[in-house]
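These protein sequence lines map, in sequence, to chains W and F.
Each residue of the first sequence is one higher than the one before, counting from 1 in the working numbering.
Each residue of the second sequence is one higher than the one before, counting from 1 in the working numbering.
Hints in this document: simulated from the structure, not taken from any laboratory.
From a predicted model like this one, the values you see are computed outputs, not experimental measurements.
Where hints are given, some of them may not hold.
[Unchecked claim] Cross-link-like lysine to aspartate or glutamate pairs, in silico, DMTMM-like; alpha carbons within 25 Å at most:
#	chain 1	residue 1	chain 2	residue 2
1	F	K96	W	E226
2	F	K180	F	E113
3	F	K53	F	D22
4	F	K96	F	E76
5	F	K96	F	E60
6	W	K223	F	E199
7	F	K96	F	D27
8	F	K150	F	E179
9	F	K53	F	E206
10	F	K164	F	D129
11	W	K223	F	D129
12	W	K223	F	E206
13	F	K180	F	D212
14	F	K150	F	D22
15	F	K164	F	D191
16	F	K164	F	D125
17	W	K223	F	D125
18	F	K53	W	E98
19	W	K223	F	D212
20	F	K164	F	E113
21	F	K150	F	E76
22	W	K223	F	E124
23	F	K150	F	D7
24	F	K53	F	E76
[Said to hold, decoys possible] Label pairs and their computed distance ranges (CB to CB):
#	chain 1	residue 1	chain 2	residue 2	range
25	W	L89	F	E206	31 to 41 Å
26	W	V289	F	E206	32 to 42 Å
27	W	G66	F	D125	17 to 27 Å
28	F	K53	W	L67	44 to 54 Å
29	W	V283	F	H66	46 to 56 Å
Built from N, CA and C at the ideal position, the CB exists for glycine as well.
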Amino acid sequence: MNLFELLFGPFFTYGFMSRALVGAVVIALSAAPVGVFLMLRRMSLSGDAMAHAILPGAGVGFLIAGLEILPMTLGGFAAGLVVALLAGLVSRLTIQREDTALAAFYLISLALGVMLVSLRGSSVDLMHVLFGTVLALNNDALIMIGAVATISLTALALIWRPLFAECLDPNFLRSVSGAGHPVHLIFLALVVLNLVGGFQALGTLLAVGLMMLPAAAARFWVKRLEALCLVAVGIGVASSYAGLLLSYYLSVPSGPAIILVAGAIYVVSLLAGNRGVIRTRLVPPRHRVA
Amino acid sequence: MAIALRDLTLGYDGHPAVHHLDGTFVDGSLTAIVGPNGSGKSTLLKGITGMLKPLGGAIERGTTPHAIAYLPQAAEIDRSFPATVADLVALGHWRKRGLWGAITGADYAAVREALEAVGLRGFEDRALDTLSGGQAQRALFARVMLQDAKVILLDEPFTAIDEKTTADLIGLIRRWHCEKRTVVAVLHDIDMVRDVFPEALLMAREPVAWGDTATALAPENLLRARQMHEAWDEHAPWHDAHMHTGRAA
Chain W
1 MNLFELLFGP FFTYGFMSRA LVGAVVIALS AAPVGVFLML RRMSLSGDAM
51 AHAILPGAGV GFLIAGLEIL PMTLGGFAAG LVVALLAGLV SRLTIQREDT
101 ALAAFYLISL ALGVMLVSLR GSSVDLMHVL FGTVLALNND ALIMIGAVAT
151 ISLTALALIW RPLFAECLDP NFLRSVSGAG HPVHLIFLAL VVLNLVGGFQ
201 ALGTLLAVGL MMLPAAAARF WVKRLEALCL VAVGIGVASS YAGLLLSYYL
251 SVPSGPAIIL VAGAIYVVSL LAGNRGVIRT RLVPPRHRVA
Chain F
1 MAIALRDLTL GYDGHPAVHH LDGTFVDGSL TAIVGPNGSG KSTLLKGITG
51 MLKPLGGAIE RGTTPHAIAY LPQAAEIDRS FPATVADLVA LGHWRKRGLW
101 GAITGADYAA VREALEAVGL RGFEDRALDT LSGGQAQRAL FARVMLQDAK
151 VILLDEPFTA IDEKTTADLI GLIRRWHCEK RTVVAVLHDI DMVRDVFPEA
201 LLMAREPVAW GDTATALAPE NLLRARQMHE AWDEHAPWHD AHMHTGRAA
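Isolated chain W (complex conformation) (with noise of 0.2 Å):
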């Protein structure tokens, strides 16, 4: 066996490798952009919740239709986006804080999702739901990752330069535009969409991990914006290939092995990255004449 067959054999010989391949690329081109603007909002584990919240509507549209995609996700969807929208809505008008709110409904959704689930189905069927079968995506479930990654780069397209401002200096967009609030909600909207996206592979719970660990590594290695965006993205599409990969020669389970990748790779740039660890602490400071 050459290193070609060993690299990409698996990828040419067995269809559902090649599609899972596609799949978890196309979720890593689409997701890991929002996760970089997740994490420098602060809202990291905002990702995490809202990921939770999905689940009753997945698992109201597996009561109705069973393991259907278009039902699943756009059950997910509104319940995504109706628990981001609340947690929202309860910090505005109480005194309680989004993040406590958000913390209270998608605990809430994750015992409602796993019931709902489990009122029709099996075990099996709840661990589909929960961590996704990356390497049993059908035509729809590729169409539908595809439909989300280009609605999703070209909404952040358009939304960049406010989303821009809404970050570095939230003050200043509420003065010179009322743009700020509707920004805020759209970008809610593509975080559910992008998990959506993703759950068909990954799950619920590891459809997050495409989008933040990226992100999270990124951080530990360039500094602009765009640079953090397109490392990110690098990172997700070889996080992908390497975790499915993995899975097939030592036959692992294939989404658990793509986020452990991704996770590996966040660990050496923590370690390692321009400004990880030893480079920041370990390796002494100099500095310059002047």
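Since the structure of chain W is already known, use the hints to place chain F on it.
Just chain F now, with coordinates in the frame of chain W:
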């Protein structure tokens, strides 16, 4: 462009912070707002920008609030955000370029010129988290320059800023005054106000005096302002005028 206040009351939770203020910032005037802490100075600026809705009365701007340049007290800028000084200053082009208009080469040239005017030549590509407090304030003044607004509001722009920077930025305020822009600044340094600002508004929640600086800041007026009672009266009766605007408990 003039800003007229008509029996204006602004506040939080129904408690007035600015009470029955009447008067006009005349077109092209340069006014300092002076008064003790809690006297409603910042609240008044927030009202003029439209961020705070009046509890009573009205503000006549003759323009949309978004056309007013506003530099808040201790601007809440996320300096760890991965942006350069040029990125921050270029936001000043907002009114000209809007949400989607391309920032052109000429726009970046304008950013460079504005940075030079505030003494930050060559700072375009510096990351925000490498700036000192004074440098950040200079950059924000450069952004106000680019906004090219007819009305400019500055809330305590010189807090924690050294003398050299303050002197430079005052030069800029004078230049805006020469360009016939209406400039309103909240300040604490009475000597600076007397030196630089032809007009002053002395506040102690109620307006104490408004007009020519020498008269408005006469010793007896300053004494009256100092005697302002800072605490809210939790049980103050609701003002009649607001009863029928649905504000009453």
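So, going through the hints one by one against the coordinates:
1. Distance restraint check for K96(F) and E226(W): the Cα-Cα separation of roughly 24 Å lies within the 25 Å cut-off, and the hinted pair is therefore satisfied.
2. Pair hint K180(F) plus E113(F) holds up; C-alpha atoms about 20 Å apart against a cutoff of 25 Å.
3. A C-alpha spacing of about 16 Å is found between K53(F) and D22(F), which places the hinted pair at or below 25 Å, so the restraint holds.
4. Pair hint K96(F) plus E76(F) holds up; C-alpha atoms about 23 Å apart against a cutoff of 25 Å.
5. Distance check on the hinted pair: K96(F) and E60(F) sit about 23 Å apart at the alpha-carbon level, within 25 Å; holds.
6. Note on K223(W) and E199(F): the hinted pairing is violated, with a Cα-Cα distance of about 46 Å set against a maximum of 25 Å.
7. A threshold of 25 Å between alpha carbons decides the hint, and for K96(F) with D27(F) the separation of about 22 Å falls inside it, so the pair holds.
8. About 9 Å separates the Cα atoms of K150(F) and E179(F), which keeps this hinted pair within 25 Å; it holds.
9. The hinted pair formed by K53(F) and E206(F) meets the criterion: a straight-line CA distance of about 18 Å does not exceed 25 Å.
10. Note on K164(F) and D129(F): the hinted pairing holds, with a Cα-Cα distance of about 22 Å set against a maximum of 25 Å.
11. With a C-alpha separation of about 11 Å, the suggested pair K223(W) and D129(F) falls inside the 25 Å cut-off, and the hint holds.
12. A C-alpha spacing of about 49 Å is found between K223(W) and E206(F), which places the hinted pair above 25 Å, so the restraint is violated.
13. Taking the CA atoms of K180(F) and D212(F), the gap is about 18 Å. The hint holds against a cut of 25 Å.
14. In summary, the hint linking K150(F) to D22(F) is supported, as the alpha carbons are separated by about 21 Å, within the 25 Å threshold.
15. As the CA atoms of K164(F) and D191(F) are separated by approximately 16 Å, the hinted pair is consistent with the 25 Å bound.
16. At most 25 Å may separate the alpha-carbon atoms for a hinted pair to count; K164(F) and D125(F) meet this at roughly 23 Å.
17. Restraint check for K223(W) and D125(F): satisfied, since their Cα atoms lie roughly 12 Å apart, inside the 25 Å limit.
18. A C-alpha spacing of about 24 Å is found between K53(F) and E98(W), which places the hinted pair at or below 25 Å, so the restraint holds.
19. At roughly 50 Å between alpha-carbon atoms, K223(W) and D212(F) are farther apart than 25 Å, so this suggested pair is violated.
20. Distance hint between K164(F) and E113(F) is fulfilled; the C-alpha atoms sit about 20 Å from each other, no more than 25 Å.
21. Proposed proximity of K150(F) and E76(F) is supported: the alpha carbons are some 24 Å apart, at most 25 Å.
22. Taken as a hint, the K223(W) and E124(F) pair is honoured in the structure, with Cα atoms around 15 Å apart against an allowance of 25 Å.
23. Distance hint between K150(F) and D7(F) is fulfilled; the C-alpha atoms sit about 24 Å from each other, no more than 25 Å.
24. Pair hint K53(F) plus E76(F) holds up; C-alpha atoms about 21 Å apart against a cutoff of 25 Å.
25. For L89(W) and E206(F), the Cβ-Cβ distance of about 37 Å falls inside the hinted range of 31 to 41 Å, so the restraint holds.
26. Under the hint 32 to 42 Å, the C-beta atoms of V289(W) and E206(F), about 59 Å apart, miss the expected range.
27. Between G66(W) and D125(F) the C-beta distance comes to about 56 Å, which lies outside the given range of 17 to 27 Å.
28. Between K53(F) and L67(W), the C-beta spacing of about 51 Å keeps the proposed range 44 to 54 Å intact.
29. At about 48 Å, the beta-carbon gap between V283(W) and H66(F) stays in the expected band of 46 to 56 Å.
In summary, the structure is inconsistent with hints 6, 12, 19, 26, 27 from the numbered list given earlier, while agreeing with the others.
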